[in-house]
Structure formats: C-alpha cells, structure tokens
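Enquirer: Below are the chains, spelled out letter by letter.
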Amino acid sequence: MTQPLLAVDRLSKSYGAIRAVHDVSFAVAPGEIVGVIGPNGSGKTTLFNCILGQTVPSAGAVRFRGTPLTGAAPLAVSRRGIGRTFQSLQVFGSLTVRDNLIAAAQEFQGSMAARLLAPSDAGLGARADAMIERFRLGRVARHPAGSLSYGQQKLVDIAMAFMPDPALVLLDEPAAGINPSLVEELRALLEGLNRERGATFVVIEHNMDFVMRLAQRVLVLAEGRLLAEGAPETVRAHPEVMEAYLGA
Amino acid sequence: MSLGLTRAQWLAVLAVLVALALLPLGLKRFGIYMLSLWCVFVVAGHGLNLTMGYAGQISLGHAAFFGIGAYASALLVQAGWSFWLALPAAGAICVAAGLVVGFPALRVQHHYLAFATLGFNVLAWLFFRNEEWLTGGNFGVRNITRPALFGRSLDGDLAFFYACLALMAAASYATAWLLATPWGRAFAALRDNPIRAESLGIDIRAYTLAAFALGALYAGVAGAFFAPLVGYIDPSPFHLTHSLAFMMAIIVGGAGRFFGPFLGIAVLILLPEWLRGISGGALTRIAQEWYLVGFGVLVMAMVVWCPGGLLGLAGRLRRRA
Amino acid sequence: MADLVQLLVSGCATGAVYALAAMGFVLLWQTSGTINFAQGEFVMLPAFAMLAGLALGLPLPLAFLASLVVAALVLGAAFKRVVVDPLVRAGVLPLVVATLGLSLAAKHAVRVGFSAEAQPFPQIFPEGVWNVLGVRVSAADVGTLLVAGALLAALHLFITRTLFGRSMQACAQNPDAARVLGIDVAGMILATFVINALLAACAALLVTPVWFARFDMGEAIGLKAFFAAIIGGFNQMRGALLGGILLGVLENLAAAYLSAQYKDGVALALFVLVILFRPEGLLGRAEERKV
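Residue numbers (numbering that gives the first Met the number 0), protein chains in the order written: chain A, 0 to 247; chain B, 0 to 320; chain C, 0 to 290.
Worth flagging that the hints you see were computed from the coordinates, not collected in a lab. Please note that the accuracy of each hint is not assured.
[Unchecked claim] Pairwise CB distance ranges (calculated):
(1) B/131 to C/54: 55 to 63 Å
(2) B/132 to A/124: 54 to 62 Å
(3) C/90 to B/300: 15 to 23 Å
(4) A/24 to C/268: 43 to 51 Å
(5) B/169 to A/30: 33 to 41 Å
(6) C/90 to A/67: 44 to 52 Å
(7) A/148 to C/89: 34 to 42 Å
(8) C/3 to B/283: 30 to 38 Å
(9) B/98 to C/138: 32 to 40 Å
[Unchecked claim] Looking from chain B toward chain A, a few residues come up when the C-beta cut is under 10 Å (computed):
(10) 2
(11) 103
(12) 177
(13) 180
(14) 184
(15) 188
(16) 190
(17) 192
(18) 198
(19) 199
(20) 201
(21) 202
(22) 204
(23) 300
(24) 304
Since the model is a prediction, treat every value here as computed from it, not as a measurement. Yeah, the Cβ is synthetic: ideal placement off N, Cα and C, and Gly gets one too.
Based on the provided sequences and hints, a complete structural model is requested.
Expert: Here is the structure:
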C-alpha cells in the first residue's frame, strides 16, 4: 500500500472516566471512500472532532500525508487540505448560495491583503458555478442560503466542503434528515466526485443502505472502540456488528 | 443579501449626496452645523457597522477610538502639523489601538473582546480626563483651528460642511467597495458561523482583528474631523455611554445594512436636536426630556421584534403592501 | 499599617457589594446564558424604589421590603418574560443590545422622572469609627461587610444545601439531564432571575447610603460586577465572590498608593491580566471548544 492519506494511530479521548474514543487506529488511502458506522454515543463524532482539531485527543496520533496533525487547530487542519461538514447544518445563512461556495474556497489562495484587492468573486466564480450545476442548485444560486429548504441547505453544506478541492473530506451524517430521493441523488453526487476527481472521504452515517452502497470500506465503532473493519458485505455479516446494532 | 451595493442603492447614495450638497443653502448656521455633525458621526457609524453589523463582533469602545482620533488630530495640529498629515496619523494610531485591544482578547472566547473594548473605553476616558499635560484634562483642548485645502480656508461653516460631506461620501464609497471584496464575504462568514468559517480555512482571528482595526480607523478619521468641527474637545463626548449610544444607533438604523448608520445616527443626534429646535409646546418639552428613554425602549423593541432595525422594518412594510 | 488595615476593611466592604451584583450576574449567565448589561440599573432602581417608599412615609425597613417585592416582580419575573424569553435563543448579541437599551431607558426615566441630582439616603449603620487595637475602622464598613457576607453565605448554603438550590445548579450544568430528572427547568430559571433581582436590591440597600442615589450610579457598579465576574471565573459562583472582593480591595489600595484618578482602571488591568494568563478566570473551569 502506498503512503496513506490519513493515518490514525491508537487515538483515545476521555472525558473524566468516560472513554468516548478508545485506542482507535485506521488508515485512509488516497481515492478511498470510508464509512464509519456505530450506534449513537459510540464515539463517531468525537473521533472526527479529534482528527479535525475541535478537541484535543487524550492519547494517540493523527498523521496526514505522513506528517503529524495531532492537536492541530481547526484552521490549520482546514489549511492542510482537509474539508468537513458538521452533523448539524452549517451554512452562512445571510450569504447567497453562490457566495457560500466562494467563501468556502476564497481563503485558500493568496494572502489576506491580496484578497482585499481581488475581484469580488476572488476568481472563483466559474468554479462556484460548476459546483452549483453539479449539485443542481441553479434555481437557488442567488438566494440566501438560510432561506433554502433543509435538504437544499444540506447540499450547499456538502458542496462547500468540496469547493477548495480538499485532499480529504470528512462528512458527518450527510444523509440525515433529507428525503429519500435526495439521498439517492446525494450518493450519486458523492460517487461522481470520487470517480472524477479522485476525492477521498470518510463518512459517518446512520443510513445503512446509503453508507453500505457508497463506501468501499466500513469501520464499525462501538463504545469508543473499533469493533470491526472491512468491505461493506463483510461488515454486514459480522456477528458482533449485528449485536452492537440490534443491542441483543 | 448580496455583497456590495446594487445599482439602485448606488443611485440612492448619489441622490442623498446631491440633496445634502444643496440642502444647506436653505439652512441657518445651526442647521449646517448639525448636518456636519451628522456626516462625521455617520463615518464613525460606518466603522461600527463594519465591525458589528457585517463582521458580527460586539464593540463597546467606539467612542474611545473616536476620541483618540479627535485628540490626536487636535494635538498634532496644535503642535504645528498640517491637518492633512494629522488625519492619517490619527487613523493609524486608532488602528494600532484597535489591534492592541483586540489581541489579548482573541486568546479567549470572542465575546470577551466586547468586554475588553468596554474596559478600554473606560481607561481611555480616564486618560483623557487625567493626563492634563497632554489632553488638558477636564478643560480640554480649545481653539482647534480648521484646516485649509488647496489654499482655500475651510474655516467657514459651509465650507467645512462640504469637507465633512466629502469625507462621508469617501467613507461610504470605501465601505461599499470593501464589502464587495472577498473581505466582505469573509466578514459575513465570520458573523454567520465562525466555527464553519474556520473549517473552510477562514482565519477568524485575523478577520476579527481586521474588523476591529477597520472600525477603529473609521472612528479615528471621524474623530479627526470632529475636533475642528466643534473647535473644542473635552473628555465628555468620548465616555462609555456614547459608545453604547453609537452601538444602539447602529441597531436602530439596521445593523449590517449599508444605509443603517445614515438612519441610526439621524435618529440619535438629528432628531433630538430637531425636537429641541421646535419652539415651545408642553408636548415637545416632554418629548425632548424623555427622548433617551424612548430611544432605549426603541432599541429593546427593535431587538425583540425587528432585528433588521428601522430599515428592516421599512422593508417588511413594503413587502406587505 | 493601621491605614492598610482600614483600607483592607473598606475595600472588602465595597468588594462584597460588587460580589453581590456579580453573583447575580453569574447566576443568570449559568442558568440562561443571559449577559445582563443592565445589572447596574438593577441596583439603581431599587434604591429609588426605597426612596419612593420613604417619601410615602414608610420607615426604611418597610421601604426595603417593598423594594424587594417590586424588584422580584419587575426586575426578576417581568424582565425575564418581556426581554429575555423572546431573545434567549437568538444568541448573546441581541440580549446584550436589548439590556443596553433597557439600561439606557431605566437611567433616563429616573433622571427625568425623579431627579438628575444625587439624592441623600438614610444611613443604615451607626456613624462613627471604632478603634480596635489602634486600628480605626468605620462602623459602616464593618456593617456592610457583615451584612453582605451573611447574604453571600446564606446564598451559598441555599444553593449547595437545599434541594431547591441543588436543582438550580443541576439546571445550570445540564438542563437536559435536569429535565429528565423531573426538575422544572423553566421554574428554576425564573427563580434565578428573582434571586438576581433580590441580590441587586440588597446591594442597593448597602451601597446607596455611601454613594447616594443617582440615576447613573448603576454604571460604575454594573461595570465592576461585570469585571468581577470575569476575573473570578464566569462559570463559578465562588469566582464572583473572589473577583468582587479582590477588585474592591485592589481599587482601594491603588487609590491610596498609586493614583486615585486611575482607580476605575484597576478592574480593566486585572481583567487584562486574567485573560492573558488565566482566561477561564481565577476560579473558573476551562470550557471545551464546542461545535
């Protein structure tokens, strides 16, 4: 295997006596789609937060392209080329959809001072328009993002994460709360991004059907530990996974 | 809301400017003075609107920056500087002060920045009052002369009004231009959702500081004009209460709206003077006395029922009609 | 030396009053996320309510009781219902602005409706100076310190020892868990607003004889309460106490030994030191970054 894009090594995070994440290790190769599943409270979001600098892990290491990322602040993480979405909706409500997309990428080029003199769209208008087309947001491109329906905002949110062409994107429950037809569309979009651009992503998801069809490899977390790892079919057949999920 | 101004808004700005340029022809001395004051305060208001309305950072020290600009320009001019050199110097000092205030507070949650600016205002005011060797203390700085431009004296009230109007036009243009750059978008991102902004590579600390420094710059430049306009400064207009009044004026006008400061500052300073100007009548007397009470209640009502300020209210009524 | 002790005692007395106001401030923040910029006016208004009572011929104790009732109703319940409830979900900024508006309106309503001049207020402690082992301390300072101390101790006992107080704490720490436990969260929040108003009224009783009743007396006390809370630790009641006392004492010392004119700058200096070296406050707990 070539050098992994992301390598998580024995990562742990405790809050007092509670071990939210315990001794989790995994790697993500370039171009891969990795799913993360597990019951509520199994530590999925905490794991993301540790990787993305929202919380400082208690132990363990994170490496990105071979260099340490452990404990880096969110800004540094994003500047290194890791995009993300949050479990809750996170768009810039007062900005238009197009401006949301430009905002998502404008800081990755030039200096802050140069941006003061840059054209309004920061030279990103064409890329934003392409993304709008890809995500079929053309009809609402000039509307404030806050005025869109939940599902559409979710699409904007995800499109924003991909705007700066990040090397890796961590998606926290992209399919939650949107209607089934949109879920299918979203899966096609993500697969398209993966196929055409080689976009690599890690997806936390509760919608089993969605994640099993999307991911090439699935990690199962339970009570903060990595319970199983493998191709979707293998994981699905894993007895302990069934147990963890069905709570038998 | 789009960044920058629409064509209709540009036309409105132009119309306002033309109207203002013609208005003083029918006004007496006091009216011209009040309009000049309004222009100067609108410039400061644009600054606070950038910091608070567009970038979403509470600043409670705006009057202090205004005061630093006023004292800096007045003292430098008295020391023999040209006003046109003292003006950028006053602005630069305010930017530096804004950065000094903002820097420590950024180490912690960003609403601490509001507390830091508030404390800074208290300290600046104490400094103005106590350091008599520099600021003249409670006696203030007297006989501040008005500058000349291209050999023409701006000493006359009308001439200086046009200088203030030109300043306001320039500041308004600069604001509109700034909002249309990627910075305007970054400010909105910072205001709407700082956590998301950070995850998209937006350096929220740098932009927060920039928002404060810009606000301070506008206030400083406005203060630099304020000193020669009134001709005499003492610590009182730079007290914390005036910072709070500034902030409330922006809220009443409509925070994060380009025309908000124009309207908010008018409600804050022109309306009470106008009321005072209407002669006699028990009713006008009551209205004058209770003006600040009404203003406070209006601010509360605005926040509770109409977060868009008076401009937002107007928009809402228009849509309903 | 004797001077120093005297300064310390009077500093503690002032500080205890700051602490009363700061305590209410912290309580509101903890249970409802409210930053009350009208906190100073919450002290000023009961002072004038008492003056109104006195003017009606009530003796001071009765006037004080009446002001407690009015404070609980108006500054506690009505304030919460009318100003805080509609805004609490909108985040910190709108509440800051609304309470600033309230502060402005209250101040000037008193100025216009009552008087712009400072109003004398009856002394509640005997005038005079005691001589204890060669150290002169004023009876008013000692009395203020004792009353404020007793109030703070009572509040502490109430919150840590009674079921009601512990329920309040539970709401402050984790409202969802408290709700699951069957605690009436809304009622508890209302209770903290009422307690805040009562504390402010008590602070008014202690401070007005010294400072006189003036429409803008709240500016200074509100500001000090505010900084005391941050210095001590915004999420800790003990922090407000420590912050208040520390501020009162240091202000007195600074006024005596450094510069009387910069006395009001002490709060800011302490604040800057605290955020530079211990951002969570002297007794505060660091909060995790939240998503």
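Enquirer: Now, for every hint given, state plainly whether the structure supports it.
Expert: Status of the hints after comparison with the structure:
no.	hint	result
1	B/131 to C/54: 55 to 63 Å	violated, 41 Å
2	B/132 to A/124: 54 to 62 Å	holds, 56 Å
3	C/90 to B/300: 15 to 23 Å	holds, 18 Å
4	A/24 to C/268: 43 to 51 Å	holds, 49 Å
5	B/169 to A/30: 33 to 41 Å	violated, 53 Å
6	C/90 to A/67: 44 to 52 Å	violated, 36 Å
7	A/148 to C/89: 34 to 42 Å	violated, 22 Å
8	C/3 to B/283: 30 to 38 Å	violated, 56 Å
9	B/98 to C/138: 32 to 40 Å	violated, 49 Å
10	2	holds, 6 Å
11	103	violated, 18 Å
12	177	holds, 8 Å
13	180	holds, 6 Å
14	184	holds, 5 Å
15	188	holds, 5 Å
16	190	holds, 8 Å
17	192	holds, 6 Å
18	198	holds, 5 Å
19	199	holds, 5 Å
20	201	holds, 5 Å
21	202	holds, 6 Å
22	204	holds, 8 Å
23	300	violated, 22 Å
24	304	violated, 19 Å
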